Amino acid sequence: MRALLAIIHRDLLLVMRRKSEVLTALFFFVVVTSLFPLGIGADTALLRKIAPGVIWVAALLSTLLGLHRMFAADYQDGALEQLVLSPQSMVLLVTGKIIAHWIVCGLPLVLLAPVIGIQFDLDAGSLSVLMATLLLGTPVLSLLGSIGAALTLGVRGGSVLMSLLILPLYIPVLIFGAGAVYANSVGLDTSGHFSLLGAILILALAFVPWVSAAAVKIAIE
Amino acid sequence: MTAHISTTSSNSTLVLEAHELCCVRGERELFSGLNLRISAGNCLHVRGENGVGKTSLLRLLTGLSKPESGEVRWGSQAIALDPIAYHRELLFLGHRDALKEDLTALENIQMYAALDDIALSQEKALASLWRFGLRGRENLPVNCLSAGQKRRVLMARMLTRQAKLWILDEPFNALDIQAVHELQNLMIEHLSAGGLVVFTSHQEINIPNMQVLEL
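Taken in order, these protein sequences are the chains called A and B.
With the working numbering, the residue at position 9 of the first sequence is 9, and numbering never jumps.
With the working numbering, the residue at position 23 of the second sequence is 23, and numbering never jumps.
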């Protein structure tokens, strides 16, 4: 447990020392989501309709921007070897890195969502559903992304390959995340969407850290 | 069974053995049938030309890579059986310094202590950095340090790590004469405290109880 906190602390400290990389991803999210209202104009009915999809797609892409950072820097300077050789289970350390990634790249999206939502003329009910889906969905994005980040370690042009590997896996989260907001706006029950998002999150939590830890070990062998 | 455990729990557990190791990189067989045995207080200097497989051998000994055949044993147990227990006793320093450039020297030492599960007070961490001539530089980010100073931070880590077995890949690189001397003393100290050292180097090193392995 102490090691888990140590690795989260370490990764957050490193991010604080080099803020630009993280701010790029967040700024990307804000700019892309702001381009749509500007491009489409003041058709509020249309904006309200496309809002969930646009915000969710932007969230996927901005998560992807920060993913390569998860293991690549540690791989290059040899710190990943030291992590594998530390007397800790690699699964625990990988989990710590995923949590740190979510705090930096996922949590701010949840907090920014209401501000973005206002541009799309979303009402308070839709905004709260949107935030709740992002809260359940963004950890899944970080978890699944860690597999791609670990598998493409040391591969030239790895980030493009990683996008191709990971984006298809994000589709279920996108469907149920955006679907819940849409269902809420037309007055349907959203509990099914939330149950499925929760199920995906639990499933990912249960399996992904093991898969990523194995992929990291293969990469440094 | 109990008698067996009581005999191995003493100092005799501190033996690193390689049994019939075979290492293949790509299509090429680097070495095969390699046996070695180092016990507490002893030091092994691995020598050989560039590309002969020194680093590969060290990585096999740490368990970072798996041998094609044969096995590495620590205290008569294969290291693959309980890697976490083995890693608790092991310090490996590779070519790359593994220091985070954006963190200070002190933060790097403390961060590794936390990950290696060692209780390390701030005073102790500072004292270890000062011992290797980094007084006044402990709060500089590591990317402001020279290559030799980074190796000195690693020496401070060796001092604080409390590992029994040190596996060092080219530890004398980038060090000035004074620092080479300090590192030799540090290794001799470690050996006389009952530790083990395996290292590679192209320099002539004078350490008592040193065996040489020519690859």
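Be a bit skeptical, because a hint or two may be false.
Claimed, not checked - Each computed SDA-like pair below joins lysine to any residue, with the alpha-carbon atoms no more than 25 Å apart:
1) A/K217 with B/G63
2) A/K19 with B/K164
3) A/K217 with B/R131
4) A/K19 with B/E89
5) A/K217 with B/E123
6) A/K217 with B/L81
7) A/K217 with B/L106
8) B/K150 with B/E123
9) A/K49 with A/Q119
10) B/K124 with A/L13
11) B/K150 with A/L92
12) A/K217 with B/E182
13) A/K19 with A/S89
14) B/K66 with A/I99
15) B/K164 with B/N209
16) A/K217 with A/M1
17) A/K217 with B/N209
18) B/K66 with A/L92
19) A/K19 with B/N209
20) A/K19 with B/E138
21) B/K124 with A/L4
22) A/K19 with B/N143
23) B/K124 with B/K150
24) B/K66 with A/K49
25) A/K19 with B/L103
26) B/K66 with A/I220
27) A/K217 with B/C144
28) A/K217 with B/K124
29) A/K217 with A/I202
30) A/K217 with B/E20
31) A/K19 with B/E123
32) A/K19 with B/L106
Claimed, not checked - One side only, chain B facing chain A, incomplete, derived with CB under 10 Å:
33) E89
34) H95
35) R96
36) D117
37) R131
38) R135
39) R137
40) S146
None of these hints come from the bench; they were simulated from the model.
Predicted model only: the values in this text are computed from it and were never measured.
Glycine included, every Cβ here is placed at the ideal spot set by N, Cα and C.
Quick rundown of the hints versus the structure:
{"no.": "1", "hint": "A/K217 with B/G63", "in the structure": "11 Å, holds"}
{"no.": "2", "hint": "A/K19 with B/K164", "in the structure": "39 Å, violated"}
{"no.": "3", "hint": "A/K217 with B/R131", "in the structure": "35 Å, violated"}
{"no.": "4", "hint": "A/K19 with B/E89", "in the structure": "36 Å, violated"}
{"no.": "5", "hint": "A/K217 with B/E123", "in the structure": "35 Å, violated"}
{"no.": "6", "hint": "A/K217 with B/L81", "in the structure": "16 Å, holds"}
{"no.": "7", "hint": "A/K217 with B/L106", "in the structure": "28 Å, violated"}
{"no.": "8", "hint": "B/K150 with B/E123", "in the structure": "20 Å, holds"}
{"no.": "9", "hint": "A/K49 with A/Q119", "in the structure": "12 Å, holds"}
{"no.": "10", "hint": "B/K124 with A/L13", "in the structure": "22 Å, holds"}
{"no.": "11", "hint": "B/K150 with A/L92", "in the structure": "28 Å, violated"}
{"no.": "12", "hint": "A/K217 with B/E182", "in the structure": "34 Å, violated"}
{"no.": "13", "hint": "A/K19 with A/S89", "in the structure": "29 Å, violated"}
{"no.": "14", "hint": "B/K66 with A/I99", "in the structure": "30 Å, violated"}
{"no.": "15", "hint": "B/K164 with B/N209", "in the structure": "16 Å, holds"}
{"no.": "16", "hint": "A/K217 with A/M1", "in the structure": "21 Å, holds"}
{"no.": "17", "hint": "A/K217 with B/N209", "in the structure": "35 Å, violated"}
{"no.": "18", "hint": "B/K66 with A/L92", "in the structure": "22 Å, holds"}
{"no.": "19", "hint": "A/K19 with B/N209", "in the structure": "50 Å, violated"}
{"no.": "20", "hint": "A/K19 with B/E138", "in the structure": "23 Å, holds"}
{"no.": "21", "hint": "B/K124 with A/L4", "in the structure": "23 Å, holds"}
{"no.": "22", "hint": "A/K19 with B/N143", "in the structure": "17 Å, holds"}
{"no.": "23", "hint": "B/K124 with B/K150", "in the structure": "19 Å, holds"}
{"no.": "24", "hint": "B/K66 with A/K49", "in the structure": "55 Å, violated"}
{"no.": "25", "hint": "A/K19 with B/L103", "in the structure": "14 Å, holds"}
{"no.": "26", "hint": "B/K66 with A/I220", "in the structure": "11 Å, holds"}
{"no.": "27", "hint": "A/K217 with B/C144", "in the structure": "31 Å, violated"}
{"no.": "28", "hint": "A/K217 with B/K124", "in the structure": "33 Å, violated"}
{"no.": "29", "hint": "A/K217 with A/I202", "in the structure": "24 Å, holds"}
{"no.": "30", "hint": "A/K217 with B/E20", "in the structure": "24 Å, holds"}
{"no.": "31", "hint": "A/K19 with B/E123", "in the structure": "30 Å, violated"}
{"no.": "32", "hint": "A/K19 with B/L106", "in the structure": "21 Å, holds"}
{"no.": "33", "hint": "E89", "in the structure": "8 Å, holds"}
{"no.": "34", "hint": "H95", "in the structure": "7 Å, holds"}
{"no.": "35", "hint": "R96", "in the structure": "3 Å, holds"}
{"no.": "36", "hint": "D117", "in the structure": "6 Å, holds"}
{"no.": "37", "hint": "R131", "in the structure": "22 Å, violated"}
{"no.": "38", "hint": "R135", "in the structure": "23 Å, violated"}
{"no.": "39", "hint": "R137", "in the structure": "17 Å, violated"}
{"no.": "40", "hint": "S146", "in the structure": "16 Å, violated"}
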